[in-house]
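**Q** Going down the list, the protein sequences come from chains A, B and C. Residues 1 to 293 (the working numbering) make up the first sequence, in order. Residues 1001 to 1226 (the working numbering) make up the second sequence, in order. Residues 2001 to 2126 (the working numbering) make up the third sequence, in order.
Hints in this document: simulated from the structure, not taken from any laboratory. Ideal Cβ placement from N, Cα and C applies to all residues, glycine included. It cannot be assumed that every hint is accurate.
Claimed, not checked - Away from chain A, derived, C-beta distances all over 10 Å, residues of chain C:
(1) 2005
(2) 2008
(3) 2042
(4) 2098
(5) 2115
Stated by the list, open to error - Pairs of lysine to aspartate or glutamate, EDC-like flavour, derived with a Cα cap of 16 Å:
(6) C:2042 with A:234
(7) C:2042 with A:171
(8) A:255 with A:221
(9) B:1009 with A:103
(10) A:97 with A:71
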Amino acid sequence: MSEKILRAKGIVKKYGKQEVLHNIDLTLEPGKIYGLIGRNGAGKTTLLSILSAQNPAASGEICLGEEPVWENPGALQHIFFSREISPNGAADSSGLKVKDYLEMAEAYLPKWDKKMAEKLVELFHLDRKKKTMKLSKGMLSMLSIVLALASKADFTFLDEPVSGLDVVAREQFYRLLLEEFTETGRTFVISTHIIEEAADLFEEVIFLHEGRILLKENTQELLEHCIYVSGRAEEVDQAVQGKELHHQETLGRSKGVMVRLREGETLEKTEGITLQPVNLQKVFVALCGGEAG
Amino acid sequence: MRREKRILKMVWEDLWVGLGLVLILCAAQFIRSSQWNLERVRELAVSSFSSGLIIVSSATLPLMIYSRYSAQEPLKIFMGYTRKKVFWDMQLVKLLSAFFIALISGASVVFGSWPLASLEDLGMVFWGFVLMMLVQGITELLTILYLKTRKQWIALIAIIASCGVIGGFVGYNTTAVINEKDFSGIQISFLFLQEAPILWLMFSVAVCCLMGYFSWKLLKNLEIRI
Amino acid sequence: MQELLNQEKSIYLQIREMIEQDILRDILLEEERVPSTNELAKLYAINPATAAKGVNLLVDEGILYKKRGIGMFVASGAKEAIRKKRRERFFENYVKGMLTEAANLGISKEELIEMIAWEQGGNENE
């Protein structure tokens, strides 16, 4: 398995005059599951498609190890972006059938695992002969999951893989993902809206906010550094002085605020204030919710 | 499948779409006509597979290009195949398909006017080859333009144009079949081309290269959305 | 081991506590093999690195040890070590909170001691 690092340096992406990604630097290490979290329109799909050379960047470079990824088959064989297959596909892709995708994958993805693909197609009850434009949203998600898992690519990206899946199918996916990960140690980057469900799977999370990377941290560490402080307003203010605050709320004499501790900082646990842990979803909303502070 | 095999497979598909259509028209004519003799068969075959084949292919080849560039090729790029390889594979396919069709057409002409193969007729085959290259080049450019801009009208033009040509040709010959006239294809006189063949050839080559250049320029930074 | 994870504490800490709990309850005996981090990860649907973090804490504390190529094992004396550790934390984890809450409610020290005696006495009579 490749031990190379996938690096994005200074990526800028424009659509027309509008800049959607501003100078993104990102390092993806082998053997991790990353969560890419961001609001609609933050640029997640764009970033993933640039990382996998599906889209060119206006400036900046993507490198795998030392080599640039763009139009480089040697690098591209290690990367696969299984994006959402839309039913009204671009041009006439919607006329393609499930088996066309599978055959194409077999022909062009060097590490394609046909047995695994067949097993998954059966597990998901996918009809090979059906055209993608006739598939439900859930089935389309399952197809992109099959492609992603069976691609056996060292760096596999999934864009909203569970959209359209019911809760049982979602759990099935998480299990399959973990199984594959523990067996092969492939790197997965998963962008998702359903944060809490997947939070436990991510070793690191990347928050993408308005085209910029807000943070990239080890999930557990991030969660340990984020604490919700509540109690009497004055006591809360005193306890959180000088710290990074988010999402302050005042109700009568009480106040609640999320504190994000920096390295080495601690919070005094005094009487009169309550300290509570915050889950990933709440951290995300607090940091990317768009409110001031 | 290795790259060469993939290219040849695409060429094979191109040939059969054109040949298939011509065969059907030919068979229809044959069945319709009341003269069932060897001489008749020969005449029919020759006229169908010489000029007829070229005209039909000038419509089917572009259709194949449109279909590939809008569905299969983006999917290949999606799976890690480079745009460069896609482009050059397609150039080869265009060349080989046009070449083989011209070859079959030429063989038909020779077979038809055996033993006096007319140089003029063979010249027509050559210009047929040029026509096919031009038509494929235009469609390639238009299709890639469509992929880039997603403006529906571009695709529409390509489809309507080729459908129009096929439709016109099929319609013309169907009426010919109905009226039991000869399936002579459309005897469009391209004699003017023979007046300055080198010039016209250079012009065509230049146009093809230009179109190829622009096609590549658009393709090399194409965003893939499946 | 099959407890549910909750949001109260970091997951890897919960993993650690669950293993400790199992050792205390003799579900895991000393010198016995502990589930691997991959097995734990799959069981709880968490990232293996997180599971490893919890396990490694126990390795650092000497409660588990690694046998190369085979897996993680419960160290001998682990049970006692865990008991000792928890006794030291008992005051911090339970008593302090109890005293704070009692103070909030205006329960006096005498009342607390009475409560404890009553509960203990009740248990003895069972």
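**Q** So, for every hint listed, does it hold in this structure?
**A** The hints, checked one at a time:
1. Look at residue 2005 (chain C): its CB is around 7 Å from the nearest CB on chain A, not clear of 10 Å, so calling it non-interface is violated.
2. Interface exclusion of residue 2008 (chain C) from chain A breaks down, the closest Cβ pair being 6 Å apart, not more than 10 Å.
3. Its beta-carbon lying about 6 Å from the closest one in chain A, residue 2042 (chain C) breaks the requirement of being farther than 10 Å from that chain.
4. Every CB of chain A lies more than 10 Å from the CB of residue 2098 (chain C), the least distance being 14 Å, so the non-interface label holds.
5. Here residue 2115 (chain C) stays apart from chain A, with its beta-carbon at least about 22 Å from theirs, past the 10 Å limit.
6. As the CA atoms of residue 2042 (chain C) and residue 234 (chain A) are separated by approximately 45 Å, the hinted pair breaks the 16 Å bound.
7. This hinted pair checks out: residue 2042 (chain C) and residue 171 (chain A) have alpha carbons roughly 12 Å apart, not beyond 16 Å.
8. The hinted pair formed by residue 255 (chain A) and residue 221 (chain A) fails the criterion: a straight-line CA distance of about 25 Å is larger than 16 Å.
9. Restraint check for residue 1009 (chain B) and residue 103 (chain A): the C-alpha separation of about 15 Å stays at or below 16 Å, so the hint holds.
10. Distance restraint check for residue 97 (chain A) and residue 71 (chain A): the Cα-Cα separation of roughly 27 Å exceeds the 16 Å cut-off, and the hinted pair is therefore not satisfied.
The earlier numbered hints that this structure contradicts are 1, 2, 3, 6, 8 and 10.
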